[in-house]
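Modelling step: build the complete structure from the supplied sequences, incorporating the hints.
Those sequence lines, one after another, are chains A and B. So the first sequence is residues 471 to 1232, counted in our numbering. So the second sequence is residues 471 to 1232, counted in our numbering.
Just so you know, the hints here were simulated from the structure itself, not pulled from any lab data. A hint or two may mislead.
[Unchecked claim] The calculated lysine-lysine pairs, modelled on DSSO-like cross-linking and capped at a C-alpha distance of 30 Å, are:
id, chain 1, residue 1, chain 2, residue 2
1, A, Lys-687, A, Lys-1141
2, B, Lys-985, B, Lys-926
3, A, Lys-1141, B, Lys-740
4, A, Lys-740, B, Lys-1142
5, B, Lys-1042, A, Lys-668
6, B, Lys-1007, B, Lys-1142
7, A, Lys-678, B, Lys-1014
8, A, Lys-1021, A, Lys-993
9, B, Lys-1014, A, Lys-1188
10, B, Lys-857, B, Lys-763
11, B, Lys-987, A, Lys-505
12, B, Lys-857, A, Lys-1141
13, B, Lys-1116, A, Lys-585
14, A, Lys-752, A, Lys-846
15, B, Lys-926, A, Lys-678
16, A, Lys-878, A, Lys-924
17, A, Lys-1021, B, Lys-678
18, A, Lys-1007, B, Lys-1042
19, B, Lys-696, B, Lys-763
[Said to hold, decoys possible] Simulated restraints on C-beta separations:
id, chain 1, residue 1, chain 2, residue 2, range
20, A, Gln-511, B, Ala-1164, 26 to 36 Å
21, B, His-692, A, Glu-1003, 19 to 29 Å
22, A, Gly-927, B, Glu-1121, 42 to 52 Å
23, A, Asn-1020, B, Lys-791, 19 to 29 Å
24, B, Glu-1173, A, Ala-497, 27 to 37 Å
25, A, Lys-585, B, Ala-578, 50 to 60 Å
26, A, Asp-836, B, Glu-1045, 53 to 63 Å
[Claimed, not checked] Which stretches of chain A does chain B cover? Using the computed rule of at least three CB atoms under 8 Å from a CB of chain B, they are:
id, segment
27, 585-597
28, 1072-1083
In this text, a Cβ means the ideal position worked out from N, Cα and C, and glycines have one as well.
There are 2 protein chains.
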Amino acid sequence: MKTLAVKTMALLIASGLGLGAGMSSAAESLQDVMKRRNLTQQDLLAAAKTYTPSGGRDEFLAFSSGGQSGQVLVYGVPSMRILKYIGVFTPEPWQGYGYDEESKAVLAQGRIDGKDITWGDTHHPAISETNGEYDGQFLFINDKSNPRIAVLDLRDFETKQIVVNPIMKSEHGGAFVTPNTEYIIEASQYAAPLENQKFYPLEQFNEKYRGAITYWKFDREHGKIKPEESFSLELPPYSQDLSDAGKLVSDGWSFTNSFCTERYVGGIEKGRPPYEAGCSAKDTDYMHVINWKRAAEIARDDSKIQVINGHRVIMMETAIKEGILFLIPEPKSPHGVDVTPNGKFIVVSGKLDTHVSVYSFEKIMDAIKSGRFESKDPYGIPVIGMKDALHTQVQLGLGPLHTQFDAKECVAYTSLYVDSMVAKWNFCEGKLLDKLAIHYNIGHLMTMEGDTTKPKGKYLVALNKLSIDRFNPVGPLHPQNHQLIDISNDKMQLLYDMPLPLGEPHYVVGIDAKKLKPAIRYKVGTNTRTDSEHVGKVRAGEEKIVREGNKVTVYGTLIRSHITPETIEVEKGDEVTIYLTNLERAQDETHGFTVSTYNVHASVEPGKTASVKFTADKEGVYPYYCTEFCSALHLEMQGYLLVSPKGWKPEEGAQLAAANYTETDYKNTLKKVVDTQAVIDQVVGYITSVNYKAYPEVVALMEDATDQLGKTQEAKAKHEAAAAQQDWEQANLWAEQVWQYQVKAADIGLRAKTFLEQKGAK
Amino acid sequence: MKTLAVKTMALLIASGLGLGAGMSSAAESLQDVMKRRNLTQQDLLAAAKTYTPSGGRDEFLAFSSGGQSGQVLVYGVPSMRILKYIGVFTPEPWQGYGYDEESKAVLAQGRIDGKDITWGDTHHPAISETNGEYDGQFLFINDKSNPRIAVLDLRDFETKQIVVNPIMKSEHGGAFVTPNTEYIIEASQYAAPLENQKFYPLEQFNEKYRGAITYWKFDREHGKIKPEESFSLELPPYSQDLSDAGKLVSDGWSFTNSFCTERYVGGIEKGRPPYEAGCSAKDTDYMHVINWKRAAEIARDDSKIQVINGHRVIMMETAIKEGILFLIPEPKSPHGVDVTPNGKFIVVSGKLDTHVSVYSFEKIMDAIKSGRFESKDPYGIPVIGMKDALHTQVQLGLGPLHTQFDAKECVAYTSLYVDSMVAKWNFCEGKLLDKLAIHYNIGHLMTMEGDTTKPKGKYLVALNKLSIDRFNPVGPLHPQNHQLIDISNDKMQLLYDMPLPLGEPHYVVGIDAKKLKPAIRYKVGTNTRTDSEHVGKVRAGEEKIVREGNKVTVYGTLIRSHITPETIEVEKGDEVTIYLTNLERAQDETHGFTVSTYNVHASVEPGKTASVKFTADKEGVYPYYCTEFCSALHLEMQGYLLVSPKGWKPEEGAQLAAANYTETDYKNTLKKVVDTQAVIDQVVGYITSVNYKAYPEVVALMEDATDQLGKTQEAKAKHEAAAAQQDWEQANLWAEQVWQYQVKAADIGLRAKTFLEQKGAK
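What follows is the structure in structure tokens.
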């Protein structure tokens, strides 16, 4: 059969890609399909605007908060296909996130009060900016429930850092960046004492509870937040909400709104009206206006700050005295505060008002410069009169929440939660332009690069909350619904319903895909969480197992289709660390690794070194294996962890069973190798006959195939040496190994051939 | 402003849905769009076949393993939109899975050797069957790394049970069901001693290491596996792989294939050829043929079994003696073993062979009945000759893996891993019909209900492993690629590329969506993990906080937009349990719950009771809140956990600060209430003027709105009583609460109105 198999292989390859390649008869016409599926012409147009053919690319990538999943997700626009969930605050085993030692160290940075926090309530992602435009280098995201900010590197889409807010007990208003990513802004939500683990009764709410805003210093070169250069402002015990940084003319300032400036304390269980009644009684709340550039200078002055929980805080009194903190009334329980692309206006939506309120930065500065304040709040913060700051108000509808901007001048879009609509309007002239019904209860919305100085227009995504009746039912917990809307014309057009399978995204940012340049593979031996050379790095042939006392350290490697070492022998109670370096060069040849029932897992992309660690606290035999379907012989990419009783010694002369292969077996295997080489030569012949060098993907595949074939040399030397000694067992097995390398090379070669044929290489 | 806001509201509603509703001008023609997006006519046809307009439903639902994510995902076919990731082996906070007490109890069932396992390597989902057809009631899925099976209930898409395999250390071959779901089949992968925590050196591999197959008894009435009625067969130390149960004529039998029947032990670190060489040296491995119906009888006989780790095992010797276990050679390292819909044939693909091998059940039975065996394996198991069992072999291509079936008689599809193709062929006549190139390296494939007695045809999904060059790059770890293929015509047509954002799915099952009838909401007070009344259930008004020693138990409720209670006062060190019942009746009005930094989270769907539990081991003030964007006043759905020092007593006479509302405030609020009621009456007027009762969704929404309005009565009584006592503070706040209920009723009413207008209600 061996010979037959190889012959057939040759035959099939020589005859091209088989019967069906490139052929396809459409029995149904377009009209038939439209009729069968009840599609209108309008549906077909929407299909054409979103459908992305096999292998096609999306024009924009959207980075979405994963809500209570604690993750970030990435999807393409306009295809609305989700490309990746990235582990951020919640362990996620596919990525090894929280299951290998390197990512555990990232998650450990997010410990609070000495304890692991194994999830997050992510809300608002922000892409790093240069001159107010997305630069596609980093992504920041906050955790509302456990006040934290995470830093993701968009070179490899991995989470690199988590910082814990040192003074907040809750936050909603993160992450927002300043125009050159000098700082990442994070505002508290529910007021609480700033000191850690400090109790004050609710009767002292006005005196002892506080809000705050933190400016996290970002070190772009190292891709890390520097907590020691970060600072906060103490704020009144209002419920601070979202923020936005000024840009262009308003650069240097930031704006943070708030609700429940009533400072109401509920207590429905004691007969008091609930928070929802007391927190929405007043007609206006306060927008906070902060001079962050000046604040940053003040924060460096030891005499002007208080250190709380080891963190530098500018107290309200100082902020007032230094003239860096002001308030402006804003209508009823606002959510979004969004600076227009030109930096001239700040748009606020009061969710219990029907208007958007457009504030003029120029007017605000005028009022501040001339000391024109209408009052002070209970904490002495100067309050600028609404009429002195307003540019215009526009009546849009019920429950306005959040605003984003178009590439077209002066055009904005605001989500209307209660109306379940998107409103298109002109913020210069204060004019409503269009409205579109969506399904249902929209929270945030997002236009492409729509919160930058250079919005890209084209598409808008409505982040709808309740997807009842939109999709096939999947139980009482429904997916959310992101709806894609075409905004390239005067009238908005609904294009696509996209279910969100996991979490409730609160906000999304969309970036021109061309701005992203993710890495193809890592430099061999990289600790990808620290971006440095890994202590466990080894090259092929350098693998070793080191024992020091009861510490066993394995320096291993992974390559199609074996793990080196294939046996790890330890004693019960040993502390085992297994370092694994992926030696592959093909860009998608990821291997995974786990040891059965020891609750560890690593995803090891090409070049990466990752490690798992555990105490071998139970005797027995535990298989380990590659968890990623990496090659035809993937299931054979296995090994055994053997945990023997303490002091166990092998029986003298014990030997592994032999298969008793004969010289005939060996010769048959050699014949198979020769036949297979002929097949490979055919494939290589085709590839080199066309302009394959014009395709970097194919060049990479060829390198990879050459790597695999290169390995045959060593195996060949081994089978020939064994054959010379008439050790047919070893000779046949090493000859089989030569064949395995050939199979892998053929696999890669065929992939390259298919690629070239489909790209029409000549 | 209040009055203005309400007036505007009335105006907007009266004028219908605003400017843009229902209107949409397509500036670009279909031809323009096709040109701009480089779409061919064939692309447009594929778009029409997959695009699902807003609100449209999918014809089939696919349940996919989430691979190393440890989850199950659900997506629609043909839209290929992922609807849900369901938490199974890995904690997932959006669902509260592993973060509330009820789901923690499910995960705790999966503990191994006394330790938590916080992930799984899911492989093969199986839908429960009745008479060999999917019945849409339950889903089963296995964990390769930590041998376990999970049971999901498709009434609510929740994981209800996890069972740990008592004798395996690794498994790949689960889950597969018998035709009436009498048993769920799970086969081991890498051989190991069957005894728990038992060490034997590899030198004793042939003698002490074993494979096994477990038949888990399923109790359909209770939706649970019964471990005490389940049993296993001891098998040789081959690497058993996938299984399938016989059906119709072959019902009562099951088939399990295997690789590495060489029993090779690697050791590349010691100079031995790796597993991949030694495990693929032989030309054939063994299909195991097992009479499970007879085995189930034998397993009940104490004299015929061994109890290993508390589990009933039929040892090989007994199985041979009783004539329930046979082997048949099958070509080279097979993966899939798939019984044809008529039950007559078993299709095996050897991944290092180029053929599929079709075995005849009739011939196998003939051989067994006549005792025609060609040999015995090293353990004495009778081996049926390949030629005595084969119906036919068909040459398909390189790396055949897995086969599924069409609604068309005798038509099968097989994945070709190395070729990166799907082959369509006829298993009756042994004829290749068509081949289609996919991208790339396909593992399993799936046709609609394609592993049942009544396949539905129409679509095929290719589960491709390496998605290089298919999507926008998202870093070195790439998504997998599921490709949708139209199989309704003679020639297969590729329709859609679907990235998998999380995990590497190994297998998918697709079911006619009409067969699924998920529940709309739970009966109030349901523990959804046990499907019984929850001990923490309370109804509105029955909320309470109970203290017993240092144990504090909160019986709370959730409803738009407040949590009862809004304050929980405990002392440091108290053990706190918070039960929460969602009182909503709207089907998608889920609330979430967390206590900041205490690392707990619950998702509480309407009717559900869930609980979180923690020790209040740190003093201070910890906000709690609803984590699901549930209503306009969602952010105000908050409360405080106050952890005071031990023995702390409130200061005498301490009072919460008052807002000092006046009679005028109260009167203004009352006016707002009157105006808002007029708006509501308008909406109700519209709804009742049409045939809204024809729409169950609207009837449910109306019930819900009526619920909200019903609550105004109590709040009204309160504000009137307070006003009578000239307590304007309480009077105004309770009047505000009346308004809040009105706002929610209006929100629901508007949603119903929009729904009716869009459905064209008359």
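We went through each hint and held it up to the structure:
1. A:Lys-687 - A:Lys-1141: violated, 66 Å
2. B:Lys-985 - B:Lys-926: holds, 13 Å
3. A:Lys-1141 - B:Lys-740: holds, 27 Å
4. A:Lys-740 - B:Lys-1142: holds, 26 Å
5. B:Lys-1042 - A:Lys-668: Roughly 11 Å between the alpha carbons, so the hint for Lys-1042 of chain B and Lys-668 of chain A holds.
6. B:Lys-1007 - B:Lys-1142: violated, 36 Å
7. A:Lys-678 - B:Lys-1014: holds, 28 Å
8. A:Lys-1021 - A:Lys-993: holds, 28 Å
9. B:Lys-1014 - A:Lys-1188: violated, 77 Å
10. B:Lys-857 - B:Lys-763: holds, 26 Å
11. B:Lys-987 - A:Lys-505: Holds, at about 27 Å.
12. B:Lys-857 - A:Lys-1141: holds, 25 Å
13. B:Lys-1116 - A:Lys-585: holds, 21 Å
14. A:Lys-752 - A:Lys-846: holds, 17 Å
15. B:Lys-926 - A:Lys-678: violated, 67 Å
16. A:Lys-878 - A:Lys-924: holds, 10 Å
17. A:Lys-1021 - B:Lys-678: holds, 28 Å
18. A:Lys-1007 - B:Lys-1042: violated, 47 Å
19. B:Lys-696 - B:Lys-763: holds, 17 Å
20. A:Gln-511 - B:Ala-1164: 26 to 36 Å: holds, 28 Å
21. B:His-692 - A:Glu-1003: 19 to 29 Å: violated, 55 Å
22. A:Gly-927 - B:Glu-1121: 42 to 52 Å: Cβ of Gly-927 of chain A to Cβ of Glu-1121 of chain B: about 59 Å, so the range 42 to 52 Å is violated.
23. A:Asn-1020 - B:Lys-791: 19 to 29 Å: violated, 47 Å
24. B:Glu-1173 - A:Ala-497: 27 to 37 Å: Because 47 Å falls outside the window, the suggested range is violated.
25. A:Lys-585 - B:Ala-578: 50 to 60 Å: Because 20 Å falls outside the window, the suggested range is violated.
26. A:Asp-836 - B:Glu-1045: 53 to 63 Å: Holds: the Cβ-Cβ distance is about 58 Å, inside 53 to 63 Å.
27. 585-597: Check passed, 7 qualifying residues.
28. 1072-1083: That given contact holds, which follows from 5 residues of the segment 1072-1083 of chain A lying within Cβ reach (below 8 Å) of chain B.
Checked against the numbered hints above, the structure violates hints 1, 6, 9, 15, 18, 21, 22, 23, 24 and 25; every other hint is satisfied.
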